[in-house]
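Chemist: Quick note, the sequences are listed as chains A and B, same order. Quick note: the first sequence uses my numbering, first residue 1, plus one each step. Quick note: the second sequence uses my numbering, first residue 1, plus one each step.
Derived from the structure by calculation, the hints contain no laboratory data. A few of these clues could be false.
Remember, identical chains collapse to one label, so a pair may be satisfied in a single copy or spanning two.
[Stated by the list, open to error] Heads up, simulated DSBU-like pairs for lysine-lysine below, C-alpha to C-alpha not over 30 Å straight-line:
1. 27 / 133
2. 27 / 70
3. 13 / 44
Number of protein chains: 2
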Amino acid sequence: MTYKELYQQILRKKSYLCVGLDTDIRKIPAHLLRTPDPIFEFNKQIIDATADFCVSYKPNIAFYEALGPKGWESLQKTIEYIPKEHLSIADAKRGDIGNTSGLYARTFFDPSSSGLDFDSVTVAPYMGSDSVKPFLEFENKWVILLALTSNPGSADFQRLNVGNASLFEEVLKTSQTWAGSDRIMYVVGATQASEFEKIRQIIPDHFLLVPGVGAQGGNLEEVSRFGMNTSCGLLVNASRSIIYAGNDYDFAQKAKQEASALQQEMEIYLDKYCN
Amino acid sequence: MTYKELYQQILRKKSYLCVGLDTDIRKIPAHLLRTPDPIFEFNKQIIDATADFCVSYKPNIAFYEALGPKGWESLQKTIEYIPKEHLSIADAKRGDIGNTSGLYARTFFDPSSSGLDFDSVTVAPYMGSDSVKPFLEFENKWVILLALTSNPGSADFQRLNVGNASLFEEVLKTSQTWAGSDRIMYVVGATQASEFEKIRQIIPDHFLLVPGVGAQGGNLEEVSRFGMNTSCGLLVNASRSIIYAGNDYDFAQKAKQEASALQQEMEIYLDKYCN
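Start from the sequences and build out the full structure, keeping to the hints where you can.
Modeler: Okay, structure coming up:
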């Protein structure tokens, strides 16, 4: 998927919502446990219910891996089921020496190898350029690089001062030399105006994947006001607040209501701030 | 496995060798491709041939993931086959928000969930304390935290100055507050004396997992001379130089010769520097 295709989808749906498929076997409605593949059955119903209101799906790979080979089978079926117009994100936070990152890239981008064909993957920057570049060698695929995450531990290293900037700003700057806004997005868990100002000075054009609206507590209006650029430039993720909105036979209907409510809010902010 | 048990195994075998199981379906001998599970068959023969000369095995998870569910099945069989006296390391370089890191911990440490029962897992520090702590909640399991890696990209961020220290030194210092040398080891790709001196000032007691002897080009004597402490404190990894020493019917025999040669060298350095 290209930058332009993503932006056009956002305009068409009036939404920049990403639905996080953090599908936990311990949390899904009990009646699904009687189906042959409860994880996939849950995802399928969530996707059917929410596809009109979001532009992206983000399976969190840990939830599938934790179930071993059968979790990977559920993941394969899920990625095949996600409509092609949606940006699919493997939230995997991988990163290793070049040789190994090349294999992680095959894992998520080469269906002839792993059975998975994601549009993008989240990558950790700690190991530097040669740990990220193998992911960029796959045409039409995206790297979503961790910059500033939304968890308390982000203060431990990401916000340390490195010369005149924070480490996460240094990550933004250095990675500019690896590829452009047509190939890299960033995970940015910022909510404050001052932070977004600094970030948008460094990367005015890039898409930002913003976690933490909903269960992690971010504020959608602030994120939109301070983070948006002229091509929207935002994908805002909500996981638990949507997929676990209900816990009974009507769970998909409840998820639809939550996704729809977020889309309606986003429609307002697109009108107001995307310019 | 405890710190003491690991040290005793090192003394008994006169070896601190870790064999990296970077098993690539494209690189293993052709005759194995006719077996039902070529990856496992390769690993089994490598383990049989090298077990007496090493104290640890380190499957690199990317190589298994890249093959999808059948890769995970090969990994499960491999981890079951590794003798219990060897420290098993899931080289996965994971790290995510607490909730998700908890699931990665289950992936590698909880066989009732994933079928895998590793002794340790490599973890990336970028997301800070709450991304690492869920791994430490599993009794008798180890976190091996990335500090200084051996790839060229380590210069991009790990060696940046943060106040008076490099980022990787800051990682060493900060993580001291999370757990002690009985629960955390570090990936340290250093080879220079001056670097090891600084590192050993911060973490005199911890075990270091040193990559890059062999194909990645480190020097075993320097690593041993500058990195060893009174409990050895080193696990030195070799992957490709051992497992791909041969590429025919005698590949396991060739691997054995390489592992044995490294063990004999290590025996000398243990006598010389472990004091």
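Chemist: Are the hints correct? Go through all of them and say.
Modeler: Hints, verified against the model:
1. 27 / 133: The answer is between: 22 Å across copies meets 30 Å, while 36 Å in one copy does not.
2. 27 / 70: Both ways: residue 27 and residue 70 sit 17 Å apart in one copy and 27 Å across, limit 30 Å.
3. 13 / 44: within (20 Å within a copy, 53 Å between copies)
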